[in-house]
Amino acid sequence: MNNAIKINNLTKKFGNFTAVDNISFDVQKGEIFGFLGANGAGKTTAMRMLCGLSVPTSGSGVVAGFDMTTESEKIKRNIGYMSQKFSLYEDLTVWENFRYYAAIYGVRGREIATRTTGMLRELNFYADRDTLVKDLPLGWKQKLAFSTAVFHRPEIVFLDEPTGGVDPLTRRQFWELIYKAAESGVTIFVTTHYMDEAEYCDRVSIMVDGRIEAMDSPANLKQHFGADSMDGVFRQLARKAQRTD
Amino acid sequence: MKQLISFIQKEFRHIFRDRRTMLLLLGMPTAMMILFGFAITTEVKNINVAVSDASHDERTRRIINALAENEYFNLRETASRQRETERVLSDGTADIVVVFDENFDEKLTRGEKAGIRLIADASDPNTAITKINYTTSLIKGVESDWATSTPSGRIIPNVRMLYNPQMKSAYNFVPGVMGLILMLICAMMTSISIVREKETGTMELLLVSPVKPIYVILSKAVPYFVIACVDVLAILLLAVFVLQVPLLGSVVWIMVISFIYIAVCLALGLLISTVAHTQVAAVLISGVALMMPAMLLSGMIYPVENMPVLLEWLSSAIPARWYITAVKKLMIQGLDISYLWKELVVLSFMAGFLLFVSIKKFNVRLQ
Chain A
1 MNNAIKINNL TKKFGNFTAV DNISFDVQKG EIFGFLGANG AGKTTAMRML CGLSVPTSGS
61 GVVAGFDMTT ESEKIKRNIG YMSQKFSLYE DLTVWENFRY YAAIYGVRGR EIATRTTGML
121 RELNFYADRD TLVKDLPLGW KQKLAFSTAV FHRPEIVFLD EPTGGVDPLT RRQFWELIYK
181 AAESGVTIFV TTHYMDEAEY CDRVSIMVDG RIEAMDSPAN LKQHFGADSM DGVFRQLARK
241 AQRTD
Chain B
246 MKQLISFIQK EFRHIFRDRR TMLLLLGMPT AMMILFGFAI TTEVKNINVA VSDASHDERT
306 RRIINALAEN EYFNLRETAS RQRETERVLS DGTADIVVVF DENFDEKLTR GEKAGIRLIA
366 DASDPNTAIT KINYTTSLIK GVESDWATST PSGRIIPNVR MLYNPQMKSA YNFVPGVMGL
426 ILMLICAMMT SISIVREKET GTMELLLVSP VKPIYVILSK AVPYFVIACV DVLAILLLAV
486 FVLQVPLLGS VVWIMVISFI YIAVCLALGL LISTVAHTQV AAVLISGVAL MMPAMLLSGM
546 IYPVENMPVL LEWLSSAIPA RWYITAVKKL MIQGLDISYL WKELVVLSFM AGFLLFVSIK
606 KFNVRLQ
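Quick mapping for you: the protein sequence lines, in order, are chains A and B.
Letter 75 of the first sequence, counting from 1, is numbered 75 in the working numbering, and no numbers are missing.
Letter 205 of the second sequence, counting from 1, is numbered 450 in the working numbering, and no numbers are missing.
Here chain A stands alone, though its shape is the one from the complex (with noise of 0.2 Å):
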């Protein structure tokens, strides 16, 4: 099976209010999957459900090989998650944020060592280690927690809205680390504001209040809407949108 992600009528409601309203796709495995939406549109709330937070209220997935509803257990320790809400500890320095994220996944002790230094040699970070993360520029610290989220190899990584508050350049190289990622195997679920990064990803799918108006490569989609660029394609599907933040 070459499904990373296998989504079938999923729905969720709050009282009576259906914020993921009906969604089915498919991610496949090493793809890098963009997630877009407007604020409102449901794709946290989808998100949240695939890596088990949230349980639909209807409809069946798999994920990562495990069932959704029924194996959300198995399915958090095959996958990593970054949020934009920056999420290392301040206070602990490079190298114990590491282990700590190490431990939560039970990667084993003489394996974080080798694992620790590898990934921050390849960073060119190894002799920052001993920093406390506060002391970080904020594109450091996002790719750190990109890092810790891989740390486990995961199957997939869910990302969201990784790349908010940093600067172009800095989006680049967080971008590198994706693609490096995901040549490795690893699957890739995006959500994103910079409709520019939307055009890094295999595929897309944008979400209108609470349902899947289009899913394509960026190419195709722009060919269909006749746009130039994913900017266009947003607009012209998010003028529907009947919800109000």
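Hints are computed from structural coordinates only; laboratory data are not their basis.
Hints may contain errors.
As the list claims (entries may be wrong) - If you want the footprint, here are the derived chain A segments under chain B, 3+ residues with CB under 8 Å:
1. 44-56
2. 64-77
3. 90-98
4. 103-111
Note that beta-carbon positions come from the ideal geometry of N, C-alpha and C, so glycine has one too.
Using the hints provided, position chain B relative to the given structure of chain A.
Chain B only, in chain A's frame:
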């Protein structure tokens, strides 16, 4: 298990790296003990007394001498006239004026009643009563000396203060401070440290990870549990060696009852963390919902027996009340553990119930 150890290690790092937290955790107990022990005492010292003696005889002189010699009294004026009484009290020269009847000695020798009037500044009624009591007992003491020399056979009240013969107020404050400090460290700090993870977003990361919720709870509770135990020991040492409070009961049982109380406080902290979303809210909730009742209703400052029935009932719901009573019994009264079964049962029940509810609530939130 290894996972849990590295969690606990990380929590300790958070605490040790934050100087303000460290200061709060270790400096506060010391500061509170010294403040309560030395500065904020409810005992009355330095009673300023003025005497209006119209009789000038042997007996009045003896009473005046007794006042002058006593370390609690400062004799300010000995020859003030009766009409000056008000002046002495209102300008603050004296807190109490002792007025002897005319021909005091003569009347007594003749077997008549001789009066001593005590006039006190009662603007602070509680201390006024205490001062009057001190003065009365001093006069009675002098009187009892006469009684032995004259075979008149009258009844002399013999007041004795049990458990705290010198009326040292530090005695009562030690259990109170222990109750308060443990509540502060365990409940407030635990809730803050959990809510902080919510604020920074790291909690979300823990939620998507395969970590068992009970590990998260344990890793938060263990460091504060350890620090709380260190604080209990530090308070006991300070009490015994600096404030000279006797430690009559068994230290082992004091520690046991402290463990149970710490469990109650940790559970309360956990409960607060499920309600509060910001650190400020956690501080406010634990301050208003835990610290205030613990200070006002636990019997630490105001005796439970003196409260209106409704408040007395309410105070039964306050863990600190049971803990403070238990420590008082053990430490100051030196009672055996068999006198403490009620406190033990109540606190154990509270601990069990609160832990059950808070862990359940915490798990629900994780879903």
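So, going through the hints one by one against the coordinates:
1. Coverage of the stretch 44-56 of chain A by chain B holds. Counting CB-CB distances below 8 Å, 4 residues qualify, and the rule asks for three or more.
2. Coverage of the stretch 64-77 of chain A by chain B holds. Counting CB-CB distances below 8 Å, 3 residues qualify, and the rule asks for three or more.
3. Requiring three or more residues with a Cβ within less than 8 Å of a Cβ of chain B, the coverage given for the stretch 90-98 of chain A holds, as 4 such residues are present.
4. Only residues whose C-beta sits within less than 8 Å of a C-beta in chain B count toward coverage, and the stretch 103-111 of chain A has 5 of them, enough to reach three; the restraint holds.
Going down the numbered hints, you'll see the structure goes against none, and every one checks out.
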